[in-house]
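Please build the complete structure, drawing on both the sequences and the hints.
Chains as they are written, first to last, in my numbering: chain A, 1 to 114; chain B, 115 to 228.
Think of the hints as simulated: they come from the structure by calculation, not from any bench. Predicted model only: the values in this text are computed from it and were never measured. Hints are not guaranteed to be accurate.
Said to hold, decoys possible - Covered stretches of chain A (chain B as the covering partner; in silico rule of three or more C-beta atoms under 8 Å from a C-beta of chain B):
hint, segment
1, 28-40
2, 45-55
3, 103-111
Claimed, not checked - Covered stretches of chain B (in silico footprint by chain A; criterion: 3 or more residues with CB under 8 Å from a CB of chain A, positions within the stretch not fixed):
hint, segment
4, 157-164
5, 213-223
What the hints assert, rightly or not - Here are the simulated lysine to any residue pairs, SDA-like style, with alpha carbons at most 20 Å apart:
hint, chain 1, residue 1, chain 2, residue 2
6, B, 225, A, 96
7, B, 163, A, 57
8, A, 57, B, 212
We treat Cβ as the ideally placed atom computed from N, Cα and C, and that holds for glycine.
Here are the chains, one letter per residue:
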Amino acid sequence: GAGVSQSPSNKVTEKGKDVELRCDPISGHTALYWYRQSLGQGLEFLIYFQGNSAPDKSGLPSDRFSAERTGGSVSTLTIQRTQQEDSAVYLCASSPSLSNEKLFFGSGTQLSVL
Amino acid sequence: AQSVTQLDSQVPVFEEAPVELRCNYSSSVSVYLFWYVQYPNQGLQLLLKYLSGSTLVKGINGFEAEFNKSQTSFHLRKPSVHISDTAEYFCAVTVTSGTYKYIFGTGTRLKVLA
Numbered sequence: 001g002a003g004v005s006q007s008p009s010n011k012v013t014e015k016g017k018d019v020e021l022r023c024d025p026i027s028g029h030t031a032l033y034w035y036r037q038s039l040g041q042g043l044e045f046l047i048y049f050q051g052n053s054a055p056d057k058s059g060l061p062s063d064r065f066s067a068e069r070t071g072g073s074v075s076t077l078t079i080q081r082t083q084q085e086d087s088a089v090y091l092c093a094s095s096p097s098l099s100n101e102k103l104f105f106g107s108g109t110q111l112s113v114l
Numbered sequence: 115a116q117s118v119t120q121l122d123s124q125v126p127v128f129e130e131a132p133v134e135l136r137c138n139y140s141s142s143v144s145v146y147l148f149w150y151v152q153y154p155n156q157g158l159q160l161l162l163k164y165l166s167g168s169t170l171v172k173g174i175n176g177f178e179a180e181f182n183k184s185q186t187s188f189h190l191r192k193p194s195v196h197i198s199d200t201a202e203y204f205c206a207v208t209v210t211s212g213t214y215k216y217i218f219g220t221g222t223r224l225k226v227l228a
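Spelled out as structure tokens, the structure:
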């Protein structure tokens, strides 16, 4: 596609359920990032990938959060046993490489945990 | 670890007036600096970046920023704003070696008034 695609655009779930968020980066982009955007909190770094490897996953808030990337392309962010504090916009970005190129952001997934 | 502080959460300014959005960073090593803009209902896009060389960096839509190493600042300026500049602006930093994660500030909401 022309840009970074994220699905679903909106997700409403009940507390305690697991959710999967998907990111399709721009074709050929080897670097992929996940961020969480909460009101008044800015963008919180979660994890980044180079290819299928995650050199830095220091931003994942707890062991309920995990992410993987397959085929150097699609990435999924999984949140297990969701809590109300997980409610936020989850943003994905990709970049041609890790060498300080600009990030291309998707439109995000709005997650609401009831 | 590096961090970014955007001191102003909201900045109202009249159309055709100048504006400065402040950004200060903290890092024990050399950094690269970025400004991203998020227009209403759109994804984040790169406005400008400082990697090396001239400390005055020009970006899209008439914006510019100046890297000041002694003051650890990277303030964004525009001499004359338009209604269409109404958006949220994020400052970001990454270090020049080691991890490639980008740390974002909490954002400044610029509202241009007619």
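Hints, one by one, checked against the model:
A stretch counts as covered by a chain when three or more of its residues have a beta carbon under 8 Å from one of that chain; for the segment 28-40 of chain A and chain B the count is 4, and the coverage holds. With a cut-off of 8 Å between beta carbons, the segment 45-55 of chain A has 4 residues touching chain B; three or more are needed, and the interface restraint holds. With 5 residues having a Cβ less than 8 Å from any Cβ of chain B, the segment 103-111 of chain A passes the three-residue criterion, so the hint holds. With 5 residues carrying a beta carbon less than 8 Å from a beta carbon of chain A, the segment 157-164 of chain B meets the three-residue requirement, and the given coverage holds.
Coverage of the segment 213-223 of chain B by chain A holds. Counting CB-CB distances below 8 Å, 9 residues qualify, and the rule asks for three or more. For the suggested pair residue 225 of chain B and residue 96 of chain A, the alpha carbons sit about 33 Å apart, so the restraint of at most 20 Å is broken. Of the supplied pair hints, the one linking residue 163 of chain B and residue 57 of chain A is violated, its CA atoms being roughly 24 Å apart against a limit of 20 Å. For the suggested pair residue 57 of chain A and residue 212 of chain B, the alpha carbons sit about 14 Å apart, so the restraint of at most 20 Å is met.
In terms of the numbered hints stated before, the structure departs from hints 6, 7, listed from lowest to highest.
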